[in-house]
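S.K.: Kindly produce the complete structure, drawing on both the sequences and the hints.
Single-letter residue listing:
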Amino acid sequence: MRDASDSTQGTSSRSGPGFNRRDFLKGSGAAVAASAVATAVEETVAQDKDKLPANVVPAKPVPVKLEINGKAHTVTVEPRVTLLDVLRNDLNLTGAKDVCTTTNCGACTVIIDGKPVLACARMAVECQGKKITTVEGLGDGKDVDDVVKCFVKHDATQCGYCTPGFVVATRAFLNSKPNATLEEIRKGLGGNLCRCGTYDGVAHAALECASKKGGK
Amino acid sequence: MDSKTGRYINADLTHYKLPRIGDIGELQAIMYQPDSEYQRGVVGLGEPPVIAPGAAISNAIANATGVRVPVLPFTPKRVLDALKGVHA
Amino acid sequence: MNSFEYASPRTEEEAVALLSAHGGNTAVLAGGTDLFNLLRAGCITPSRVVDLKNIRSLQGVSATSRGVLIGALTTLDELLVHPLLKPYDSLAQIADGVHSIQIQSMGTLGGDLCLLPNCWYFRNGYGLLGMERGTSLPATGRNEFHAVLGNRGPAKFVSASRFAPALIAWGAVARIAGPEPGQVSELPLEYFFTSPKTADQGVTVLQPGQILTHVLIPDPVHDEVQSAAYEVLQMEGLDWPLASAAVCLANSAGVVREARIVLGHVAPTPWVSLDAAAALVGREIDETVAQAAGNAAVASATPLSENEYKVQIARTAVKRAILRAAGQLEGALS
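In order, the protein sequences belong to chains E, X and S.
Per the working numbering, the first sequence starts with residue 1, numbered consecutively.
Per the working numbering, the second sequence starts with residue 1, numbered consecutively.
Per the working numbering, the third sequence starts with residue 1, numbered consecutively.
Wrong hints could be hidden among the right ones.
[Unchecked claim] FRET-style restraints, in silico, Cβ to Cβ:
#, chain 1, residue 1, chain 2, residue 2, range
1, S, Gln207, E, Asp143, 54 to 60 Å
2, S, Gly60, E, Pro53, 24 to 30 Å
3, E, Ser211, S, Glu180, 56 to 62 Å
4, X, Asn63, S, Glu287, 20 to 26 Å
If you're looking for bench data, these hints aren't it; they were derived computationally from the structure.
All values derive from a computational prediction rather than experimental measurement.
No residue lacks a Cβ here, since even glycine has one placed at the ideal position from N, Cα and C.
M.R.: Right, dumping it as structure tokens:
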């Protein structure tokens, strides 16, 4: 989107040292956020007139407590904000990827209370009081989950965008079916998409993990 | 794309169908490296091996059904339409 | 996605009261596998989302004097392994056919039954009927995944529910709570689904403030009942069937006494085929009989410009579901 201001960028004071696209985007993001807060405040005033029942969270930013990878976090977000957005935008846990946003690709898979869940289809407010594990939680800085090791061994990644989702889905799948066969793996992991074509590597990585009784 | 409105109606991964892990069979890479090719120097390898399988599957369908399905991918609609003699 | 309130009731009565607020401009959240797609696409813009996941009475499967009661919040992976559901082969086959552990662990039975169509015109903001300036876009546009039966009305989409055909074949009953707190009604699941005639009608009988709470599968009156489902999928992974069929056969001495055949994904509602069932009664199941039932099921099909192939797929789905129920579907196909 080129406009008049763009064409003057080369010489204007706006493009001094340190000005870059990323800072610009961050700045405009803050402006949007600020306007969102302003709207929310207006709405709060309106809502206070007819008090909400105790089990209703108002449509404005509220504190949300989350337990992610064993650590407690508190973020302030609106109910409509998904767990995925909180992980990536507020908590800098960017392992879960935002790919299809239509619950089809599995790239945002996290484990909630032991079950594989698409983080793009859960609001953050829904996840309070639950144990959330993201792909970052599959390693402790010294050692990593066997699934990750098997993915490396079988070269089950190319561009890497689907990989965290596949790793978490594989971990959840092997937790429920530690001795899975190749056929069961192909069925169970059908909710994850890869456009590079690493499926063969993924299947064999999962199979090797299954041969170790699901691995750790 | 819808021809009336000009809008893409499958611009998401629900309606734009991609193969998944169950759709891909066993893959085995066989390196073909005879001396005669080596003598020519460096030989590239990239996506060209992808070309042959489409034709091979097309031939397999023709062999099994007696009709040619000329357009990839071979969706159920295209195969059944071809069997009925309808042009896809 | 618009801004909305989030409500998490603990009882059905609370849920009904919470859903009736805001003039009924509220949405029900169960597994969430589709609600967020609708919210993000702007297909729905509720003022309040009511999460049913914390209502204990909606969860789990229990045996009652009338039959097996399945809570609407029962997830697909629970359906797969629950001992009480073991006799209901067709349900397990459908749950097993959802090739995604994420959807299996999140998706709920009630959510499946209340799914809005996957019609690409609907999902792109043209409404359930896909109308623009008074003309039906699916009628004249891209309709390769649309209805081949029951499509003479304004609705051309196909019912998205995967479990409805099997449940209807089992004679299931829907239990509905609301819109008044404490109000409960029941109706056969077959009549739960509607084909909208105008833009303001929905795909089920549910009115604002009503929720589907349970599905009751009455105990069969016959001793020997066989059931099966067969879904034709374009892909092995997570995908919607092109057509599906579910059957229940009550036999005695190797002969079918009573049959129920219901097709899915071929019409705006699950499609009960009395003709196909009649083709089985009094006969022994073999491939010829199953084929005749398949033919009967699609005899009145009225395909649109691009979906004639679905007639053949629906026919085959019926035939294979019957053979599968009778244990005659060859290993290669099962």
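S.K.: Between X:Asn63 and S:Glu287, does the beta-carbon spacing fit 20 to 26 Å?
M.R.: Holds - the Cβ-Cβ distance for X:Asn63 and S:Glu287, about 24 Å, lies within 20 to 26 Å.
S.K.: Between E:Ser211 and S:Glu180, does the beta-carbon spacing fit 56 to 62 Å?
M.R.: holds, 58 Å
S.K.: Quick one: are S:Gly60 and E:Pro53 within 24 to 30 Å, going by C-beta?
M.R.: holds, 26 Å
S.K.: Mind checking the hinted window 54 to 60 Å against the Cβ distance between S:Gln207 and E:Asp143?
M.R.: holds, 55 Å
Consistency note: the structure conflicts with none of the earlier hints.
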